[in-house]
Amino acid sequence: MNRRRFIAGMTAAGLTGTASAFSFFGLFGDDEPTAVELYPRRPLKASRRAFSVDESPTDEADAIGYTNFYEFGTEKGDAQRYGERFKPEPWRLTIDGECERPGDYTLEDILKPHPLEERIYRLRCVETWSMVIPWVGFPLADLLKRFAPTSRAKYVAFETLYDPEQMPGQRRAVVEWPYREGLRMDEAMHPLTLIAVGMYGETLPVQNGAPLRLVVPWKYGFKSIKSIVRIHFSEKLPVTTWNQLQPDEYGFYANVNPAVDHPRWSQARERPVGGWRRRDTLPFNGYAEEVAHLYHGMDLAKYF
Amino acid sequence: MKRLSLDRGAWLAIFVLALVPAAWLLRDALYSALGPNPVEALSHRTGDWTLRFLMLVLAITPMRVLFGWSWPVRYRRMIGLFAFFYATLHFLTWLVIDEGLLWDAIVEDIYKRPFITVGFLAYLLLIPLAATSSRMAMRRLGRRWKTLHRLVYLVAVLGVIHYLWLVKLDVREPLIYAVILLFLLLVRLWYSMKRGR
Ligand code: HEM
Chain A
1 MNRRRFIAGM TAAGLTGTAS AFSFFGLFGD DEPTAVELYP RRPLKASRRA
51 FSVDESPTDE ADAIGYTNFY EFGTEKGDAQ RYGERFKPEP WRLTIDGECE
101 RPGDYTLEDI LKPHPLEERI YRLRCVETWS MVIPWVGFPL ADLLKRFAPT
151 SRAKYVAFET LYDPEQMPGQ RRAVVEWPYR EGLRMDEAMH PLTLIAVGMY
201 GETLPVQNGA PLRLVVPWKY GFKSIKSIVR IHFSEKLPVT TWNQLQPDEY
251 GFYANVNPAV DHPRWSQARE RPVGGWRRRD TLPFNGYAEE VAHLYHGMDL
301 AKYF
Chain B
1 MKRLSLDRGA WLAIFVLALV PAAWLLRDAL YSALGPNPVE ALSHRTGDWT
51 LRFLMLVLAI TPMRVLFGWS WPVRYRRMIG LFAFFYATLH FLTWLVIDEG
101 LLWDAIVEDI YKRPFITVGF LAYLLLIPLA ATSSRMAMRR LGRRWKTLHR
151 LVYLVAVLGV IHYLWLVKLD VREPLIYAVI LLFLLLVRLW YSMKRGR
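Residue numbers (my numbering), protein chains in the order written: chain A, 1 to 304; chain B, 1 to 197.
Do not rely on the hints blindly, as some may be mistaken.
[Stated by the list, open to error] For each label pair, taking beta carbons as the anchor points, the in silico distance ranges come out as: (1) B:S32 <-> A:E37: 14 to 24 Å; (2) A:R264 <-> B:D104: 17 to 27 Å; (3) A:D261 <-> B:L189: 50 to 60 Å; (4) A:R264 <-> B:L124: 19 to 29 Å; (5) A:V174 <-> B:S32: 28 to 38 Å; (6) B:W145 <-> A:L300: 47 to 57 Å; (7) B:R76 <-> A:R277: 33 to 43 Å; (8) A:V174 <-> B:R76: 33 to 43 Å; (9) A:P191 <-> B:D104: 36 to 46 Å; (10) B:P114 <-> A:D59: 33 to 43 Å; (11) B:A23 <-> A:E37: 24 to 34 Å.
FYI, nobody ran anything at the bench for these hints, they're computed from the structure.
We put the CB at the ideal spot given by N, CA and C, even for glycine.
Okay, chain A solo, but in the shape it has when bound (with noise of 0.2 Å):
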């Protein structure tokens, strides 16, 4: 072998070597996910369209792949990159607590009595980004009533499917699994609450909490809990998880609000997903005329 053929050939192999390890160690940005379909979604029929938005909704394949599901890893995108053992059926669901009928429900027990509608709600997170999304389901309150809450329920509790086989990013303890959301009963019942199975005309992507989840437009995302298999009534203000990591920065209401800023970062504007540009945050995320009553003479910078 010659010499110049030699240095060409290294040079070669330093450039690839150096091209693939910038790329193994993402140096040029995170590989942005286009949508995943991990598991087959179907078409569903929603009766009606109730308390819509007039926006247009986010980009469907940003919706899907810019999620947060620590379940599957805390970067957005984890749950598209490890989510392909996730089985959303056969679901059930313990109904508990403080309630009339409790038991243990399979998924098709739980809908079968729900006409579907299809809503479109603004979705803020609490890091500051938001979305437009067309969800399809019901009001969570149909659901509840037919368990016969008693008169000590006083909360609604949630909780996600703890399953490390399924959900990979259980194997670290970035949070104390399962994750654990709660709703105050007046809250849990209002007309606006919803549960979802489906977005964009069909059923949840693993990626948006299949096969069921919570949808609570007024409150920061982390409040709408995904892949349900835990609904227990108590008389006791429940445990949730983001209050329970870093009680001074998450609230148990987590209200949507422009005037009490995260301690690290302001909440008064958004950044609506898919855009460049920045807009103002609403109070209650634009639902203020139909749940600040619920609110009534709380101080809500202490109660945040």
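Chain A is fixed; fit chain B with the ligand onto it per the hints.
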């Protein structure tokens, strides 16, 4: 003569390599390939590269101390200036795109958000270093030049604190930088103590 041109070749190669991340960013921006949250992507990627170049600059002396490599010293100024270059892109992303030049919000963020305060301070401290990077400034400042340029340690420490404070929960990545930085600083400390004796 031959030796000189080899140096220039290496200089040019490093220069081009250091521009690759910026070129990549530009390409992604032009092809709308920055992902769902383009402002965040720009901010994160320029911030990451600022910190990486700062680490690289601080690794040059340890490379000589530990492996006896003296050649990287020749590129220290360039790498330092690239750290400043990426810091400037990062700062401008925040100032112009993120905050949209809304001065009230900018001033408020600087004094109310500790992670911004710290990042801003780090950037301010980089400016005199970049401004006195020429040979002429070096000659003029004499001994004081070295003292002044020790500020780069502080800049890197502030950069890591900035990163730690902005992360929501998962601090693994900023901690990796913190460990690398600690190691680089310890090598220097050990070396200067050894020399001092
Ligand atoms: C030497 C100076 C600086 C260094 C080394 C630095 C480094 C970084 C790093 C590593 C990140 C996180 C990237 C990631 O998550 O992947 C970041 C994010 C950020 N930095 Fe800096 N930075 C510096 C100066 C500044 C300055 C001067 C500002 C503005 C005044 C600033 C504002 C920000 C913002 C807004 C973010 C993103 C926060 C978010 O949306 O997640 N940084 N920086």
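Results of checking the hints against the structure:
1. B:S32 <-> A:E37: 14 to 24 Å: 22 Å, holds
2. A:R264 <-> B:D104: 17 to 27 Å: With a Cβ separation near 19 Å, R264 of chain A and D104 of chain B satisfy 17 to 27 Å, so the hint holds.
3. A:D261 <-> B:L189: 50 to 60 Å: Roughly 39 Å apart at Cβ, these two residues miss the hinted range, so it is violated.
4. A:R264 <-> B:L124: 19 to 29 Å: Check passed, 21 Å falls within 19 to 29 Å.
5. A:V174 <-> B:S32: 28 to 38 Å: The hint (28 to 38 Å, Cβ to Cβ) holds, given that V174 of chain A and S32 of chain B are roughly 32 Å apart.
6. B:W145 <-> A:L300: 47 to 57 Å: For W145 of chain B and L300 of chain A the Cβ distance comes to about 54 Å; the hint holds.
7. B:R76 <-> A:R277: 33 to 43 Å: 40 Å, holds
8. A:V174 <-> B:R76: 33 to 43 Å: 38 Å Cβ-Cβ, so the 33 to 43 Å window holds.
9. A:P191 <-> B:D104: 36 to 46 Å: 38 Å, holds
10. B:P114 <-> A:D59: 33 to 43 Å: 34 Å, holds
11. B:A23 <-> A:E37: 24 to 34 Å: Holds - the Cβ-Cβ distance for A23 of chain B and E37 of chain A, about 33 Å, lies within 24 to 34 Å.
Violation of the numbered hints given earlier is confined to hint 3; every other hint is satisfied by the structure.
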